[in-house]
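J.: Here is how the chains run, residue by residue.
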Amino acid sequence: MLRKLRKSLIWYVFVAPTFFLYALFVAYPTFETFRLSFFHEVATRQEFVGALHYIRLLSNRVFLAALLNTAFLGILFLIIIIPISLVMASLLNNLRVWPNLFKAIYFLPQITSTVAVALVFSYVFQPNWGLVNGLLRELGVNPLPLWLAEPRYVLTGSRAAVTILAVWVALGYYMLIFQAGLQAVPAELYDAAVVDGAGPFQTWWLITLPSLRPTFIFLYITGTIDAMSRFSDLWMLGGPAGTPARSLQTIVLYMYQTAFESNDFNLASAAGVILFVIVLILTLVNFRSFLQREFSGQSGA
Amino acid sequence: MASSENISSARPLTVIRGLLGSQRRFQRVQQIVIFIIMAIGAVAMIAPFEWMLATSFSRSANVAMPRIPTFWPSDPSLFNYKVAITNLPLVRYYINSLFVTAASTLGYLFFSSLTGYAFAKGRFVGKSVLFIILLTTLMIPFEIRMIPMYLLMRQLHLSDTYAALILPFISGGFGTFLMRQYISAIPDELIDAARVDGANELTIYARIILPLCGPALAALTVLSALWRWNDVLWPLLVISDRSLYTITFGLAIASRSQGIFTGVALATSAIAILPLMILYLFLQRYIIRGIMLTGLKG
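Protein chains in written order, with the numbering used here: chain A, 1 to 301; chain B, 1 to 298.
Derived from the structure by calculation, the hints contain no laboratory data.
On a predicted model such as this, the values are computed, not experimentally measured, just so you know.
Hints may contain errors.
[As the list claims (entries may be wrong)] A short, non-exhaustive set of chain A residues, derived as facing chain B with CB atoms under 7 angstroms:
id	residue
1	P17
2	L119
3	V120
4	Y153
5	F276
Where is the CB? At the ideal position from N, CA and C, for every residue including glycine.
The following block holds chain A by itself, in its conformation from the complex (with noise of 0.2 angstroms):
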């Protein structure tokens, strides 16, 4: 009895330090964002004020317009990712020139750090002799729009200028893990349309396409979880407030902005959690087929 204690000891002291490491920055902090979330800060004294921050939120415009925000950039952002990434990867996929350097090209955006590449779109964007701009000038575009200074909901305003930027960003992410789908199709499925005579668009819309829904899954879940988190290119193009007029401010850039602005973690943590039903909800909603994703040995695509 003492042998085998003391045999499963080592075992125990193998997974000590990740779950110190574990209580201490994710299971506490989780736990606290939560009581925070209830409280109240007065003269440095924590009280209790049950729902009231979430009430606070709920009937806030700002917090509803940032929530609305974020949801809108990530929907815009994987309707326009998807189908290019797959039609890319798909094209890419049957070319025998150079498929690696191209490869490699694409997915230059995904090595280099958000902040450098927000900074460069920012001149990229500016609206007198900005790269587009320039280019369009040329193609004689006559206004020139004017990307980031513009907050309304049009085609050439800020949220088309940083949905631009991300699909710039992600494209070659998303067409490396589509590659991956797609090699992972069996070859006797293509077998068997070439003997039944199927053209090469029949066979990519009733083969590829069906045989892709776990690649789909996978991108639609994890695409869904980085837009709800969405901060470090917006906070570059607009600051703490996404200016301009909040046109490009999510959740997190509002609870960066309540807590480390306007010194309200309370409020900010009510956000969070706020935050976390969504993401748990998106999670829950494709638990299922995640798990059998990750369990059928094809994680990673």
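Using the hints provided, position chain B relative to the given structure of chain A.
T.: Relative to chain A, chain B alone:
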């Protein structure tokens, strides 16, 4: 019925093939079309970087930018780079980035593989419960925990220290999960044979498990290095001492506070980007393979 449909829809293609003479010619045209589309995309990927470089070498860019974008500086000079290096302690920032990234990545590899080994091959009470608890990390984004983490760092007097940038990231649910999956595939016979020879678990971990985990460790290295090198939100919360800025964070703060001199700003970002790009040129096969293995991005 179905087969007749297939034949009719295959016909246009046959017609095209006929027009082009042969199937080989058709494939060549197809290859050229794909190549052109991919090349246009590649130009769009590189153009912003090239434009950044061209502008960073132009002294006059600080005063007036050309209305028509140029991809070659009209007045090549290193002026902007000299100003950038004198303005900001960029070398210091780089050393900070290297140190923080190396330390947290080493920790991440060590603890992920050690704990992953225990969950893959160990026998102890509560194993599956503990593993599921650890997996919950995957559902709790950092942003949700950041405020208490910031307050914790302040209480522990760790704000404005390297420890604040390193400690929270030296272990994680994802790394442990990946290592457990990978180590599970290692045959038990290898481990049993070592046990018979009298090796203890730590020796088995160091001598047998680790050497067999190359691809998984490489993938985790790529991810952890990209995460730490490019992070900006956490340093924004816990670092205010300029001598502790990482290169990414230093670039962010500099561009958010000045950002008037286009040439200098773009030279600064070129200094922050280029060394990594050169590294990427040499390591891109491993980096891309690592991302593909895990499915996660940087």
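J.: Tell me if L119 (chain A) is really an interface residue toward chain B, meaning its C-beta lies closer than 7 angstroms to one of theirs.
T.: 5 angstroms, holds
J.: Does V120 (chain A) hold up as a contact with chain B if the rule is Cβ-Cβ below 7 angstroms?
T.: Cβ of V120 (chain A) sits 5 angstroms from chain B, so the hint holds.
J.: Can the hint on Y153 (chain A) be confirmed by a CB-to-CB distance to chain B that is less than 7 angstroms?
T.: Not OK, violated: Y153 (chain A) not within 7 angstroms of chain B, min 25 angstroms.
J.: Taking the closest Cβ pair, is F276 (chain A) under 7 angstroms from chain B?
T.: 5 angstroms, holds
J.: May I ask you to test the interface hint for P17 (chain A) with respect to chain B, counting a Cβ-Cβ separation under 7 angstroms as satisfied?
T.: 6 angstroms, holds
The structure fails hint 4 only (numbered hints given earlier).
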